[in-house]
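Trainee: Next come the chains, spelled out residue by residue.
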Amino acid sequence: MQTWRWLYKPGKPFDRRFIIRVLVKTALLFVALNAAFALLDPLPALGRLSLYNRVLPGRARLPYGENPAASYNLSLFSLEAMFAAHEVARAPARDEFRVLLIGDSAAWGILLRPEETLAGQINAAGLVAADGRRVRAYNLGYPTMSLTKDLLLLDYALARTRADLIVWLFTLESFDAQAQLDSPLVQHNPAPTRALIARYGLAQDSADPRFVDLSAWDETLIGRRRALADLLRLQLYGVPWAVTGIDQEYPADYTPRAVDLPADVTWHGLREDLFAPADLAFDVLRAGAERAGDVPLLLVNEPMLISTGMNSDIRYNFFYPRWAYDAYRRLLLEERDAHGWALLDLGAAIPDADCYTDSAVHLTPACSADLAGTVGAAIVEASGG
Amino acid sequence: MTLTHILAFAAAALLALVALPARMRAWALFVTSVVAIYWLQPAVTIRRMDFLFPTMTLGLVMLAWLLTRAPDQRLTREDAGAAALIVALVLLLAFGRALAPAYRITPSVPPPLSMVVTWLAAGGIALIVLSRVPGGRARPLLALALGIVALFAVLKTEALATEVSRLLRGWTGQSPDLARADELQWLGFSYVAFRLLHTARDRQTGLLPALSLREYTTYAIFFPAFTAGPIDRAERFVGELRALPGPDAARFVQGGMRIAVGIGKKFVIADSLAILALDTAKAQAATSTLGLWALLYAYAFQIYFDFSGYSDIAIGLGQWCGVKLPENFSQPYLKRNITLFWQSWHITLSQWVRFYVFSPLSRFLLTRPRKPSPTVLVLVGQLVTMLIIGLWHGVTWGFVAWGLWHGAGLFVHKVYSDRTRAHYLRLRAHPRLGRAVEVAGVLITFHFVALGWVWFALPDIGASWDVFVRLLGG
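As you go down the protein sequences, you meet chains A and B in turn. Quick note: the first sequence uses numbering that gives the first Met the number 0, first residue 0, plus one each step. Quick note: the second sequence uses numbering that gives the first Met the number 0, first residue 0, plus one each step.
Be aware that one or more of the hints could be misleading.
[Said to hold, decoys possible] So the derived list for chain B, only partly shown, Cβ under 7 Å to chain A, looks like this:
#1 P246
#2 A248
#3 A249
#4 I274
#5 L275
#6 A284
#7 L382
#8 L386
#9 R418
#10 T419
#11 A421
Hint data in this document are derived by calculation from the structure and do not stem from the laboratory. This one's a predicted model, so the numbers in the text were calculated from it and none came from an experiment. For glycine and all other residues, C-beta sits at the position ideal for the given N, C-alpha and C.
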């Protein structure tokens with residue numbers, strides 16, 4: 000058959016010597032490629048190679064997804080690839096007032112379409128900064144609750160793009176000092192996280208076993224095949240994302256946020272009498288403020304559901320016993336006063352249960368718009384210095 | 000076939016090639032094929048069915064062999080040995096019930112041994128009775144063919160398959176309310192059915208050579224081609240099987256290259272394109288015509304690389320087993336008209352349908368007292384042929400539309416080429432213009448085929464129509 004002529008009518012016969020030569024060369028090439036890959040570590044450079052913002056539109060939020068086939072999105076650990084896929088990787092327009100918005104799943108926008116997230120709603124509002132530039136918010140939220148993860152993303156973003164304002168959204172859950180390294184994104188980026196720990200003297204242990212350190216074998220082409228496949232899949236999923244605008248799975252139904260709460264007064268195993276300020280990672284928040292440097296920083300204590308159901312006398316919601324949240328809020332206000340931070344304390348701003356979807360911090364599109372109104376006004380105000 | 004299956008089959012083929020003499024290798028292919036159909040069978044939610052389906056395949060194959068034997072063909076000791084080996088292998092696989100899942104070859108726990116013995120005894124008695132029906136083989140052969148077609152229709156028709164699933168669930172004590180058509184995943188049946196129908200028809204016409212049970216079974220369920228073809232012809236296949244070559248460097252390279260290319264096509268290219276390919280969810284959510292075309296192109300290439308990749312793997316494994324399987328694809332998307340496309344896409348299926356449907360149908364129409372005009376003859380022949388290819392994939396309106404789409408395309412091309420032949424001949428004097436016309440032909444043919452995939456890709460005909468209209472700017 001014509002298609003396979005080269006195989007069935009070869010120029011030189013395929014004899015035993017030919018096979019041995021091929022096998023030996025293949026083995027040598029295999030070893031050389033793996034060794035070269037381990038030595039050169041081309042993954043960061045490959046991560047920066049992206050079809051996004053060139054052939055495909057940039058993603059409106061950082062790649063994250065547990066069911067890629069339905070969400071056209073996937074979770075990966077390459078910061079280079081994640082940012083290269085994001086619309087923030089584009090150079091800012093001349094009249095753009097660039098706002099970087101970092102935070103947890105509430106900022107990322109679980110169950111919200113890109114245009115319904117806080118960043119999307121701020122952009123839709125068509126805000127103008129004090130100097131006349133258009134306010135353009137970029138959603139750099141990521142769905143795990145850890146200030147260290149936020150700091151990691153902020154540090155990476157500031158090193159690669161201009162920012163006119165940073166809005167950092169958080170809630171108490173991100174402050175758990177023991178859980179700072181629980182985020183897989185942090186664990187799989189040990190080098191930059193350790194650098195942050197060293198630079199800002201953070202309380203975390205650089206030798207923490209939760210860090211995923213690669214062995215020499217893990218660094219080879221074979222060892223890194225999963226990471227390489229993720230880079231490729233991220234590019235491929237860009238096509239259905241571009242065609243459909245879908246970047247997360249929207250289930251037809253989901254378990255709604257709890258209104259009736261357990262009779263539990265502990266927070267992450269802590270009782271009120273054993274709680275100490277060091278249990279909250281304010282050192283990371285201070286590091287973030289330091290990292291922001293001259294770029295104005297607006298801190299936002301996220302709105303949360305304040306339940307009126309069973310046991311709501313001892314708990315605000317599924318996440319927090321009242322004493323824990325009150326202690327956190329008191330400490331937060333003290334830190335604000337001590338450092339002169341700009342803080343929007345919106346913890347109790349949207350208490351209505353109907354405003355929340357599957358969690359006590361995930362807002363519906365309408366309530367996300369309300370929040371955008373408040374945060375947007377603060378952005379405009381902050382843009383005036 | 001997963002990568003694990005492919006690598007295990009390749010290792011087994013190489014081991015047999017190196018370690019066994021030719022005659023033993025033929026038996027090894029037979030044994031491996033019998034075991035492979037149990038290994039390849041995916042798990043089925045209806046209890047015991049993932050063991051029963053391969054067992055039924057073997058029963059059908061043995062029945063077909065009994066009925067398609069040459070008139071003067073007697074049972075030999077080899078046939079008895081092959082039958083005994085099949086029974087022994089089925090019983091051996093049933094012993095897997097006592098093994099931990101990691102050591103079991105079947106996808107789930109096999110049925111109790113007593114049940115398998117009962118099935119085998121009942122099957123054996125049924126085979127003997129059916130093979131001894133008085134009055135010659137013509138009627139049993141016809142009944143076999145009709146039975147296979149009926150079984151095919153049940154498996155491929157959602158309503159019928161759901162009903163059968165409901166009955167089977169009742170039999171196994173599972174909830175009939177949860178019955179679904181896609182539970183009847185009888186792996187390989189589509190291909191086995193076409194092979195059995197071919198032998199039944201060729202026995203009637205006297206074209207089929209005398210085959211032993213071992214040869215016939217190996218042909219029908221040859222493990223490299225069991226899941227995705229090609230659909231070989233028995234006389235050709237057995238010719239290869241009877242002259243299995245010894246170890247040969249050239250064949251090792253050629254087979255290995257085909258397997259490697261096939262793995263690349265299927266597991267790298269096709270599986271990557273599957274991420275972008277058109278499906279119901281993407282079609283509904285697509286916001287632009289251009290995007291919809293991108294999804295359709297991805298689907299067109301995904302289905303090509305997936306299917307032709309499997310064919311390459313089958314051909315490569317076949318070569319390592321010493322059997323040269325027929326080619327199934329020959330650059331179909333580079334063909335300048337739809338007729339050439341169908342001569343290079345799923346070639347063995349096209350040839351099968353042309354041989355057993357188009358030609359007999361044309362002959363039948365020509366022998367009618369009122370002969371149809373050549374144009375009507377071509378139209379009916381093409382539509383019926385392509386309709387059958389469509390229905391082979393499943394009895395749905397989408398596959399009907401896909402078959403009619405291609406049938407109409409083939410008819411229009413035939414009429415067009417008849418009327419423009421002289422014009423095309425004149426183009427030979429203008430090579431550049433001829434080349435341009437050829438390129439245009441390739442592009443038009445590809446887009447015609449790609450648009451046809453819309454009917455094929457989406458399970459709902461209404462959704463297909465909607466996508467079709469949107470693709471054309473509606």
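Trainee: Against each hint, give a clear statement of whether it holds in the structure.
Mentor: Here is how each hint holds up against the structure:
| no. | hint | verdict |
| --- | --- | --- |
| 1 | P246 | violated, 10 Å |
| 2 | A248 | holds, 5 Å |
| 3 | A249 | holds, 4 Å |
| 4 | I274 | holds, 4 Å |
| 5 | L275 | holds, 4 Å |
| 6 | A284 | holds, 4 Å |
| 7 | L382 | violated, 29 Å |
| 8 | L386 | violated, 29 Å |
| 9 | R418 | violated, 29 Å |
| 10 | T419 | violated, 25 Å |
| 11 | A421 | violated, 28 Å |
In the structure shown, a violation is registered for the earlier hints numbered 1, 7, 8, 9, 10 and 11, in ascending order.
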